[in-house]
Structure formats: structure tokens, C-alpha cells
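Enquirer: Can you build the whole structure from these sequences, using the hints too?
Those sequence lines, one after another, are chains A and B.
Using numbering that gives the first Met the number 0, the final residue of the first sequence is 253, and nothing's skipped along the way.
Using numbering that gives the first Met the number 0, the final residue of the second sequence is 244, and nothing's skipped along the way.
Some hints here could point you the wrong way.
With a straight-line cut-off of 25 angstroms between C-alpha atoms, the simulated BS3-like cross-links for lysine-lysine are [said to hold, decoys possible]:
#1 B/K27 <-> A/K122
#2 A/K188 <-> A/K134
#3 A/K139 <-> B/K27
#4 A/K122 <-> A/K188
Some chain A residues flagged as far from chain B (calculated, every beta-carbon gap over 12 angstroms) [unchecked claim]:
#5 G29
#6 R55
#7 I58
#8 G135
#9 N190
#10 H235
#11 R249
These are computed hints drawn from the structure, not numbers from a lab.
C-beta atoms are modelled at their ideal positions from N, C-alpha and C, and glycine is treated no differently.
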Amino acid sequence: MNDNGTTQHGVSVQVRGIRRSYGAQEVLNGIDLDVRPGEIFVIMGASGSGKSVLLRHIIGLEAPDEGEILINGESIHSVDVASKYRMALVFQSGALLNSLTVGDNVGLYLSEHRLKSPDEIRKIVLDKLEVVGLKGTEDKLPSELSGGMRKRAAIARALVIEPELILYDEPTSELDPVSSVVIGEEIYKLNKRIGVTSLVVSHDRDLAFGIADRIAVMHEGEIVALGSPDEVKRSHNPIIRKFIHADFKRQPKA
Amino acid sequence: MFQNIGEIALLFWRTVLALPLIWRQRAKVLDQFHEIGNASLLMVAVLSFFLGGVIALQTGPVLAERGLHSAIGGLVGISMAKELAPIMMSILIAGRIGSAFAAEIGSMRVYQEIDALRTMNINPVHFLVMPRLVAIAIGLPMLVTFAILVGWLGGATVAQVTTQIDVPFESFFENMKNVVGISEVLHGVFKSFCFAWIIGVVSCHQGLTTRGGPRGIGRSVTKAVVNSIVLIVLFDYVLTRLLLH
Ligand SMILES: Nc1ncnc2c1ncn2[C@@H]1O[C@H](COP(=O)(O)OP(=O)(O)OP(=O)(O)O)[C@@H](O)[C@H]1O
Ligand SMILES: [Mg+2]
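Expert: Take a look at the structure:
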């Protein structure tokens, strides 16, 4: 249930044979994914495997060389999809507007689309900032925050949208373990509260196995495994085993 | 530059279509307006005072020698109003404000802020380009009006204090009035209004198409300023030609 007392349903996302090269470099080599409405879908994969590029394609910031992205069966590039569905991407870098205060950043969607009165927006902003642990930062500029704080502000900005599809690009990569758990719980709670389809890119194994309904593992622009957390954990694929079970091998002290 | 003329014209058109939203964006327009005024008022005053002065200094003695004292006021008045104030102030503003437009929008592009706007379904033309263009389209003609007045003052002062010219303040303006009327001033102000659009559209377009990191921003700024100036000079000729009755 959302604020209006109506149940919101997440959208489905279908990725059909997406290919994308930058110059001679093939970054996405034919990705197929079906994300079901309302599920939490985690994409894991090594650095540079094309996860951020995939998210940029899913939300329509970039057009693939081949293949298509369907939101509830409609192409993301068709004219009215962007205004029909609320979608949000939490950028890996946060991508807050540096010229606006944190509070204005978080309330931007509501104020630009004039969805609420300034007072209501202020209330919502304060509330969301508190949720992500940034109480009292609303009048600061993004440049006055730490990397992890900026990331959390970006998450607050996405939460305010109450989207039907939300994409998180490494939401916990710059956070300490405690904040990571808090953010993980928020991703989960938002998903349960408004049924938003959530796509999470993350290297964070605890987060992935903690919140995911399903997990996909990307490697060099392809999906090499897809399944429930348990299935992925039990996979015998060496790439996946290496990725999931990587750990320090420290020589015992003599 | 010229391969982008189509894109620039398109951006201009999209900005024009966004004009009905101006009331919504009034806070941003006002912000930019302040920026333009604050950054430039003093510089405009100094620059145009000496521009007017130097014209009087260059032409005054030559005219005075031939007994044409009465032509000095008109000459300074008309060159300031119709040509020097609009073109010099526009070049100044291209350097001061066009560069800022390109740098701000370019860094927003490079640091994915524009992508963030787009994911929130906020149109960068409405949010970033239109307020800047409106502000410069109002601000620059105002600065030019101011520059014309200060330029006249500079010319008159120099004409009075230079012994080789020796035209008193009052007769300078008296002579000027015979030649320069409101239509001459409007001619200059109108041209600067057109130049303002050129600076704004070229610089915002350059910002929006910035690629690469900080070096890309630097490149954009340079291009924005240089292209604006080249276009201003070209359009200056064309407009002057068209306005010639
Ligand atoms: N705009 C671009 N132009 C050229 N190459 C790009 C561009 N964007 C991404 N790439 C390339 O695509 C590849 C994948 O990049 P991407 O950012 O998707 O990686 P990632 O999986 O998100 O990695 P990380 O976990 O480190 O964020 C990289 O090799 C990168 O060099
Ligand atoms: Mg990435």
C-alpha cells in the first residue's frame, strides 16, 4: 500500500538480446532477462562486466545496437513509457545535482512535477533523509557530504519517487557494514510496501543473498547464471564459484 | 561548428517551445539574471567608458583639425550605439557567461547529473537551457543599453579634457542629438538581443554535448566562446545589412 491507500504494482522488465559495443569493445553480448513484477532481482558480476551499462539501457538512457527492452510489454523507447511509469535509477556515483542542496535534490522529482505542496515536500524529504540516516543534512550541498552519504542521499531521492521500477547501481559499495544492512532493509521494505520491481546491481554477497528473490551473475557482457540465491550458491560453474566464494587466503603467521 | 548548426537550431526551437513554462522556472531565471548582472556590470562600465573615450580620442583631433568639431558627438554617439556597445558587450558576455553556461551544463553532463534528470523525466531543456536563455536574452540588451550611455559619457569626457579636441560636454551631447535618436539605440539593442540568443544556444548546446572528463569540459568552454564570437561577428554583418533602410 502506498500513501494513497492503493496497492501499487511493479512493472515487468524484459531484456531481449541486448548487444552494445563502444568502438571495438563489446560490452553487452546478447543479454536476456525477465524480471517479474514486484521481485527483487540482483545482478552480480566482476568489475567491468557491463552491469552499469546494462542498467543505463534498461532505464532508456542509452539505446542498444541490437535487441530491445520492454517495460510491461512496451518498448522503453516508445513515446509515453517514460511518463506512464515512474522509474528511478540510483547511479553508482550518486549523480546528485551539485548546485542544489541535499534537500532540494531529494525533493526534486516532486517539486519539478508539482506533485505536492512545498510544505508536504519538505516533510517527505526530511522523512526520507531520516530513513537513510542523513537527518540534518538537508541544507548541505552534495560536495559537503562523504561518498557514502551522497550515495544514501541518492537512494533517498529515488525513494521519494515511489517508483514502479527502481534500479540500484551498487547501493552499498561505499557503506560500512551497519549502513549496508540499513540500506538493504530499506530496499526490501520499499519493495514489500509498494511492490516496486527492484533491480539491484551489487558485489555485496551478504546483501545479494539477504534480499534477492533471484540472482543473475554477469561475466564479460553475458549472463552466466540465473536462479534463486540457493541455486546460484550451489552452482558448479567455476566462474560463479570463484565469484561467490572468493576470500582472502592469508598465510598463517609463523 | 557548422556541422552542428542543425542541432543548435533544434535546441533553439525546443527552447522557444518551452517558453510557456517560464513562470514555473522564474526562480531559476532570476538566479541566472543576477549572475549575469553581478558578474558583468562593473566590467561593462569600465569597458564602455574607455571604448567611447578612445573613439573620441582617435577621431576627435582629426575632425577638429578640419573644423568639424560638431561631428564628433554624432560620430561617437552613433558608433557606440549601433556597433561598439552591442558587439563588444556581446563578446564580453560570451566570454563571461557563455563560458559559464558551457562549463556548468558540461560538468552536469560529464558527472551524469543530466542523466539523473532524464531518469526523473525532467527535461533538461526546460530545467537548464530555457532559464539561462531567457535570462541572457533580457540581461544582455539591458547591459548594452547601459553600455551605450556610459560610452557616450566616456566620449564626452574625453572630448572635453583633450586639448586637441576641446569640445565642451554640453555641445558634445547637443551635436550628438542631431544624429543619434532612439532608433539608433534600438538598432544596437535589438542586435544584442539576437546575439544573446546566439551566445545562449551555442553555449548550452556545447555544454549538453560535452564528452569525456574534465578535459572535455575545458574543450567545451573554449568552443562555446569561440563559436559564439564567430557567429556574433557574422550575424552582426547580416543584421546590420538587413536593418539598413
Ligand atoms: N560511455 C562509455 N564509452 C566507452 N566504454 C564504456 C562506456 N561505458 C562503459 N564502458 C565500458 O564498458 C565496460 C563495462 O562498464 P560498466 O560500467 O558497465 O562496468 P560495471 O560492471 O558496472 O563495473 P563496476 O562494478 O566496476 O561498476 C567497461 O569496460 C567500460 O570501459
Ligand atoms: Mg558499475
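Enquirer: If a hint holds in the structure, say so; if it doesn't, say that too.
Expert: Here is how each hint holds up against the structure:
1. Under the criterion of a C-alpha separation no larger than 25 angstroms, the hint pairing B/K27 with A/K122 is consistent with the structure, at around 23 angstroms.
2. Using a Cα cut-off of 25 angstroms, the hinted pair A/K188 and A/K134 holds, with the two alpha carbons roughly 19 angstroms apart.
3. With a C-alpha separation of about 19 angstroms, the suggested pair A/K139 and B/K27 falls inside the 25 angstroms cut-off, and the hint holds.
4. Our distance criterion of 25 angstroms between C-alpha atoms is met by A/K122 and A/K188, whose separation comes to about 20 angstroms.
5. Every CB of chain B lies more than 12 angstroms from the CB of A/G29, the least distance being 24 angstroms, so the non-interface label holds.
6. Against the 12 angstroms criterion, A/R55 falls within the reach of chain B, whose nearest CB is about 8 angstroms from its own CB.
7. For A/I58, the requirement that its beta carbon stay farther than 12 angstroms from each beta carbon of chain B is not met, with the minimum near 5 angstroms.
8. With a least beta-carbon separation of about 23 angstroms from chain B, A/G135 lies farther than 12 angstroms from that chain, consistent with its non-interface assignment.
9. Residue placement check: A/N190 keeps its beta carbon more than 12 angstroms from all beta carbons of chain B (closest about 19 angstroms).
10. Listed as a non-interface residue, A/H235 keeps its Cβ farther than 12 angstroms from every Cβ of chain B; the least gap is roughly 38 angstroms.
11. The beta carbon of A/R249 is kept farther than 12 angstroms from every beta carbon of chain B, the shortest such distance being approximately 37 angstroms.
When each numbered hint is compared with the structure, violations occur for hints 6 and 7.
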